[in-house]
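Engineer: Residues per chain are reported as follows:
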Amino acid sequence: MHASRTKRPDAGKDFTLQATDVSDPQYFHKVVDCQYACPAHTPVPEYIRLIAAGRYADAYMVNWTSNVFPGILGRTCDRPCEPACRRGRVDAEPVAICRLKRVAADYKGDVSGRMPTAPTLRRGKRVACVGAGPASLSVARDLAAGGYDVTVYDGERRAGGFIRSQIPKFRLPESVIDEEVGYILGMGVEARFGERVTSMRSLLGEGYDAIFVGCGAPRGRDLPIPGRREAAANIHIGIDWLSSVSFGHVTKVGRRVIVLGGGNTAMDCCRSARRLGGAEVTVVVRSGFKEMKASAWEKDDAMHEDISVLNYRVPIAFVHENGKLVGMTFDKVRAEPDPNGHRTLVSTGEPAEFLAADDVLVAVGQENSFPWIERDCGVAFDRHGLPVLNAETLQSTRPEIFFGGDAAFGPKNIIWAVAHGHQAALSIDLFLRGEDVVQRPSPDVTQTSQKMGIHEWSYDNAVSIDLRYKVPHVEKARALADIKAEVELGFDPDLALHEAQRCLNCDVQTVFAPKLCIECDACVDICPTDCITFTADGSESDLRARLNAPSMDQTQDLYISHGLKTGRIMAKDEDVCLHCGLCAERCPTGAWDMQKFLLDMAQVGKMPARRMKVAA
Amino acid sequence: MTFLPKPTLHHPDLPTNALGLTRRDYEGAVSTLCAGCGHDSISAAILRAVFELDIPPHRVAKMSGIGCSSKTPTYFLGTAHGFNSVHGRMPSVATGANLANRDLIYLGVSGDGDSASIGLGQFAHAMRRGVNMTYIVENNGVYGLTKGQFSATSDKGATSKKGVANADSAIDLVGLALQLGATFVGRSFSGDKTQLVPLIKAALRHKGAAFIDCISPCVQFNNHVGSTKSFDYVREHNEAVNMLDFISGREEIVTDYEPGSVEIVAQHDGTLLKLRKLAADYDPHDRVSALGYLQTHSARGEIVTGLLYVDLDAEDLHDHLGTVATPLNALTEAELCPGSAALAKLNASLR
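Each protein sequence line maps, in turn, to chains W and E.
Position 534 of the first sequence, counted from 1, bears residue number 534 in the working numbering, the numbering being contiguous throughout.
For the working numbering, add 1000 to where a residue sits in the second sequence, where the first one is 1.
Source of the hints: derived by calculation from the structure; they are not laboratory data.
We put the CB at the ideal spot given by N, CA and C, even for glycine.
One or more of the hints may lead you astray.
[Claimed, not checked] Derived EDC-like pairs: lysine to aspartate or glutamate, alpha-carbon spacing no greater than 20 Å straight-line:
{"hint": "1", "chain 1": "E", "residue 1": "K1006", "chain 2": "W", "residue 2": "D240"}
{"hint": "2", "chain 1": "E", "residue 1": "K1274", "chain 2": "E", "residue 2": "D1311"}
{"hint": "3", "chain 1": "W", "residue 1": "K299", "chain 2": "W", "residue 2": "E93"}
{"hint": "4", "chain 1": "W", "residue 1": "K252", "chain 2": "W", "residue 2": "D91"}
{"hint": "5", "chain 1": "W", "residue 1": "K451", "chain 2": "W", "residue 2": "D593"}
{"hint": "6", "chain 1": "E", "residue 1": "K1274", "chain 2": "E", "residue 2": "D1103"}
{"hint": "7", "chain 1": "W", "residue 1": "K290", "chain 2": "W", "residue 2": "E93"}
{"hint": "8", "chain 1": "W", "residue 1": "K484", "chain 2": "W", "residue 2": "E174"}
{"hint": "9", "chain 1": "W", "residue 1": "K412", "chain 2": "W", "residue 2": "D240"}
{"hint": "10", "chain 1": "W", "residue 1": "K252", "chain 2": "W", "residue 2": "D306"}
{"hint": "11", "chain 1": "E", "residue 1": "K1006", "chain 2": "W", "residue 2": "D530"}
{"hint": "12", "chain 1": "E", "residue 1": "K1207", "chain 2": "E", "residue 2": "D1313"}
{"hint": "13", "chain 1": "E", "residue 1": "K1006", "chain 2": "W", "residue 2": "D466"}
{"hint": "14", "chain 1": "W", "residue 1": "K565", "chain 2": "E", "residue 2": "D1232"}
{"hint": "15", "chain 1": "W", "residue 1": "K470", "chain 2": "W", "residue 2": "E93"}
{"hint": "16", "chain 1": "W", "residue 1": "K515", "chain 2": "W", "residue 2": "D537"}
{"hint": "17", "chain 1": "E", "residue 1": "K1071", "chain 2": "E", "residue 2": "E1052"}
{"hint": "18", "chain 1": "W", "residue 1": "K470", "chain 2": "W", "residue 2": "D494"}
{"hint": "19", "chain 1": "W", "residue 1": "K565", "chain 2": "E", "residue 2": "E1239"}
{"hint": "20", "chain 1": "E", "residue 1": "K1207", "chain 2": "E", "residue 2": "D1054"}
{"hint": "21", "chain 1": "E", "residue 1": "K1006", "chain 2": "W", "residue 2": "D460"}
{"hint": "22", "chain 1": "E", "residue 1": "K1277", "chain 2": "E", "residue 2": "D1245"}
{"hint": "23", "chain 1": "W", "residue 1": "K332", "chain 2": "W", "residue 2": "E291"}
{"hint": "24", "chain 1": "E", "residue 1": "K1161", "chain 2": "E", "residue 2": "D1232"}
{"hint": "25", "chain 1": "W", "residue 1": "K565", "chain 2": "E", "residue 2": "E1236"}
{"hint": "26", "chain 1": "W", "residue 1": "K515", "chain 2": "E", "residue 2": "D1232"}
{"hint": "27", "chain 1": "W", "residue 1": "K169", "chain 2": "W", "residue 2": "E179"}
{"hint": "28", "chain 1": "E", "residue 1": "K1006", "chain 2": "W", "residue 2": "D91"}
{"hint": "29", "chain 1": "E", "residue 1": "K1006", "chain 2": "W", "residue 2": "D593"}
{"hint": "30", "chain 1": "W", "residue 1": "K515", "chain 2": "E", "residue 2": "E1236"}
{"hint": "31", "chain 1": "W", "residue 1": "K596", "chain 2": "W", "residue 2": "D21"}
[Stated by the list, open to error] Taking CB as the label site, the calculated pair distances span:
{"hint": "32", "chain 1": "W", "residue 1": "D24", "chain 2": "E", "residue 2": "D1269", "range": "36 to 44 Å"}
{"hint": "33", "chain 1": "E", "residue 1": "H1237", "chain 2": "W", "residue 2": "D24", "range": "38 to 46 Å"}
{"hint": "34", "chain 1": "E", "residue 1": "T1326", "chain 2": "W", "residue 2": "M452", "range": "56 to 64 Å"}
{"hint": "35", "chain 1": "W", "residue 1": "T16", "chain 2": "E", "residue 2": "E1263", "range": "30 to 38 Å"}
{"hint": "36", "chain 1": "W", "residue 1": "D14", "chain 2": "E", "residue 2": "E1236", "range": "21 to 29 Å"}
Construct the complete structure from the given sequences, taking the supplied hints into account.
Structural biologist: Below, the structure written as structure tokens:
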């Protein structure tokens, strides 16, 4: 065949590659990497644009609808969105999504008038939430807005759960918790605080129509090695110690402190210790520095406060003299692959290392604990002691009991707790209306062309080349002198605007209409990241290798379109598209359009009619 | 046409050439031509050819006249030399520049108006003198800047956007170039970079007058039914005589083709042209039969594309004139004023 001679394809030609179905909301949802990665699927680019426009209250409400705690999450979120951010693939670092969320909370002004109130039309159903942490509060918010009577129980006197007891005040001021918890309690939720639920059976006896268990993973894992019992006075379980600090029961710590563990709790422990008299604080981890579970930025913040991290050290014993802790011994190890290729830690054979310490904080993990749920009340538990649940509906083996947050699948984080809360609320609503809980309501999706004129789009399509902006911090000496002094000062509006402009607007989708295309190559020529290729059909692996820029990341989709006159296909690699709209500006026929794709997850109170089936 | 500069962010795995430059380093200012203009595709093809040949952009001189086509050198190789001449006078300026400094690579970019109407005489003389340059005509068959009147390359009988038929005969620049002695002649299509890029690379490496007629649909005024320069018409009537693969001297030649189907042609500078024959009866080394072939197929309404003629022993204007090899700006006073003895010797030779 003549290579340069391209004839119209025979009618009904079969293509190796299926054309992309862009009417499936999951396709464009996946292109919005940040929103897709967020467990609560917060429409990130939408609120970032609102921040850029100075519409902080609107940005806050977009967040509040999706993730319930924007001010809290804007300071403490694990930010799964940021590693997913497309900007991180074309630039050194992703957009500071999390800290922009905080900007919306900081500058929103008074939004109390925009908060929903409990509807006057009541459903006549009562729901109990056990625990007043983020999962329970999310359930309470959604159901209260849906007209249910919700009662929240918690052993503490104030709501917030681990948000209040675990997270140090220098990362999250109490006023932020009070405000955001207050919005929910202000919706007519009955608070029974200071009232710890001690028996599921007696709770069931109170006649609730449904019960949500959001009691977290409240037990800190211990380290039963020699000397633990003898030196107990100076060995503290990390999460218990943090809540004692939080509630003011603990106000000082020894000069030399060892923190065991490499997670975010360990980071909170070591930084709190630095503020309570710990002059020499050392974090000791079993594995490597890289393998630590703590978020990179939390490690950075800790090291900035002169905290050292020792890695590849396995604890041998707590050393004590006359009943008092004097330090710990560690075995130095190195990582080696075992015959199955898994990493294992092998002793280097060096003599045990002694580290002197006045106090040791043990932050080596958390566990679930349900001593208050009678094992014969119909809720089944698996061999790890976790409830048996449908992963999607969060319904337990007793139909009216649902779980969420850390109580459901073990310790995760706040944003997962919120996501569970929304799903559990949907399930409870379906259950109480006598509907099938596995028939999940589909999300609300709108898609709107952004074209206003030949070169005018209703989004700012110019791409900023600024590098990520750093959040200003309070001076170190001041931060270490006061455990309640918030370290991060947050972006000011000017910094926030510049950081917001780094967002690539990935929710403004490139939508291709093959019938209009004349294959002039204008889009191919202008694309700054070589995303678009017009080529012969082929298998996906073959095609990925012969795109204008080869694309080997199988997790990023190819947008495939048939129906071109020459019989070729259009393949657009979504991976590094800047969503700058130049393809659409260059297109002489309007075959490319930039359309804003807005996906809002279904929530109780705003249930769309369509349903989609999930695996039971 | 766009108002936004192209973002500088690029694909993380963008390849680099032997100079360590990426394709993006060969860009120019953002185009102000109509969206979808064929000329922009040709600019992209030129950019790719120069990138792939590892040519430093500042060793290229972009010469042009007036018209949509002649604006395009602004839109590629932003760091190259350039001269925007009077309408139709690009060949004279290019000839002069080439005589003054033969070390630069001369790329003339012109249009059907610039070369087939006002500059037809200029075009003819650059070809017959063998100026060492690549001369690309971005041929859309209309005067786009003045709202789409027929140009001199419009086919007789083709209709305008409003449906009026063209009564005049068309000038075939490929036929003219062959008759006038061009030593490299090709034709291609802006919508087919697989054919166009290797042709431009081979032309840039050709010593002598290299001419490429590149059909480039005007999306605004000449892309309708009735046009013979539209995307659809050209795709329907494109008869490629061969497919060219350009091979730089460094690469190994793999001969896994059927005997007789591939011809490897060595150029002066050691680069190789691998020609895959598509039309069995076509010989790109025979100027006379090429002319006949072109006219036969043209009469059938077919557009013959590919490498149509190449003279491997081509000479250029400098060879004909015996000029000094050093660029004039590099000659020193000693060479320019050789002294009274040399003058006396010269005078004596003329007595």
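Engineer: Would you mind marking each hint as holding or not holding in the structure?
Structural biologist: Hints versus structure:
About 55 Å separates the Cα atoms of E:K1006 and W:D240, which puts this hinted pair outside 20 Å; it is violated. At most 20 Å may separate the alpha-carbon atoms for a hinted pair to count; E:K1274 and E:D1311 meet this at roughly 15 Å. Our distance criterion of 20 Å between C-alpha atoms is met by W:K299 and W:E93, whose separation comes to about 17 Å. Restraint check for W:K252 and W:D91: not satisfied, since their Cα atoms lie roughly 44 Å apart, outside the 20 Å limit.
Annotation: proposed proximity of W:K451 to W:D593 holds, straight-line Cα distance about 8 Å (limit 20 Å). In summary, the hint linking E:K1274 to E:D1103 is not supported, as the alpha carbons are separated by about 26 Å, beyond the 20 Å threshold. Among the hinted pairs, W:K290 with W:E93 is consistent with the structure: their alpha-carbon atoms are about 18 Å apart, no more than 20 Å. Of the supplied pair hints, the one linking W:K484 and W:E174 holds, its CA atoms being roughly 9 Å apart against a limit of 20 Å.
Between W:K412 and W:D240, the direct Cα distance comes to roughly 18 Å. Compliance with the 20 Å bound is thereby established for this hinted pair. Distance restraint check for W:K252 and W:D306: the Cα-Cα separation of roughly 18 Å lies within the 20 Å cut-off, and the hinted pair is therefore satisfied. About 12 Å separates the Cα atoms of E:K1006 and W:D530, which keeps this hinted pair within 20 Å; it holds. At roughly 9 Å between alpha-carbon atoms, E:K1207 and E:D1313 fall within 20 Å of each other, so this suggested pair holds.
At roughly 15 Å between alpha-carbon atoms, E:K1006 and W:D466 fall within 20 Å of each other, so this suggested pair holds. Simply put, W:K565 and E:D1232 have alpha-carbon atoms about 9 Å apart, close enough for the 20 Å limit, and the pair holds. At roughly 11 Å between alpha-carbon atoms, W:K470 and W:E93 fall within 20 Å of each other, so this suggested pair holds. In summary, the hint linking W:K515 to W:D537 is supported, as the alpha carbons are separated by about 17 Å, within the 20 Å threshold.
Of the supplied pair hints, the one linking E:K1071 and E:E1052 is violated, its CA atoms being roughly 23 Å apart against a limit of 20 Å. The hinted pair formed by W:K470 and W:D494 meets the criterion: a straight-line CA distance of about 13 Å does not exceed 20 Å. For the given pair, W:K565 sits about 18 Å from E:E1239 by alpha-carbon distance, which is consistent with the 20 Å threshold. Taking the CA atoms of E:K1207 and E:D1054, the gap is about 18 Å. The hint holds against a cut of 20 Å.
Taken as a hint, the E:K1006 and W:D460 pair is honoured in the structure, with Cα atoms around 14 Å apart against an allowance of 20 Å. A C-alpha spacing of about 11 Å is found between E:K1277 and E:D1245, which places the hinted pair at or below 20 Å, so the restraint holds. With a CA separation close to 16 Å, the supplied pair W:K332 and W:E291 stays within the 20 Å bound. At most 20 Å may separate the alpha-carbon atoms for a hinted pair to count; E:K1161 and E:D1232 meet this at roughly 15 Å.
The suggested pairing of W:K565 with E:E1236 holds, with an alpha-carbon distance near 11 Å, which does not exceed 20 Å. For the suggested pair W:K515 and E:D1232, the alpha carbons sit about 14 Å apart, so the restraint of at most 20 Å is met. Distance restraint check for W:K169 and W:E179: the Cα-Cα separation of roughly 15 Å lies within the 20 Å cut-off, and the hinted pair is therefore satisfied. The suggested pairing of E:K1006 with W:D91 holds, with an alpha-carbon distance near 16 Å, which does not exceed 20 Å.
With a CA separation close to 18 Å, the supplied pair E:K1006 and W:D593 stays within the 20 Å bound. Between the alpha carbons of W:K515 and E:E1236 the distance comes to roughly 18 Å, so the proposed pair stays at or under 20 Å and holds. A C-alpha spacing of about 17 Å is found between W:K596 and W:D21, which places the hinted pair at or below 20 Å, so the restraint holds. About 54 Å separates the C-beta atoms of W:D24 and E:D1269, a value inconsistent with the hinted range of 36 to 44 Å.
Under the hint 38 to 46 Å, the C-beta atoms of E:H1237 and W:D24, about 40 Å apart, fit the expected range. Under the hint 56 to 64 Å, the C-beta atoms of E:T1326 and W:M452, about 58 Å apart, fit the expected range. The hint said 30 to 38 Å for the Cβ distance between W:T16 and E:E1263, and at roughly 33 Å that hint holds. Taking the beta carbon of each, W:D14 and E:E1236 are about 23 Å apart, inside 21 to 29 Å as hinted.
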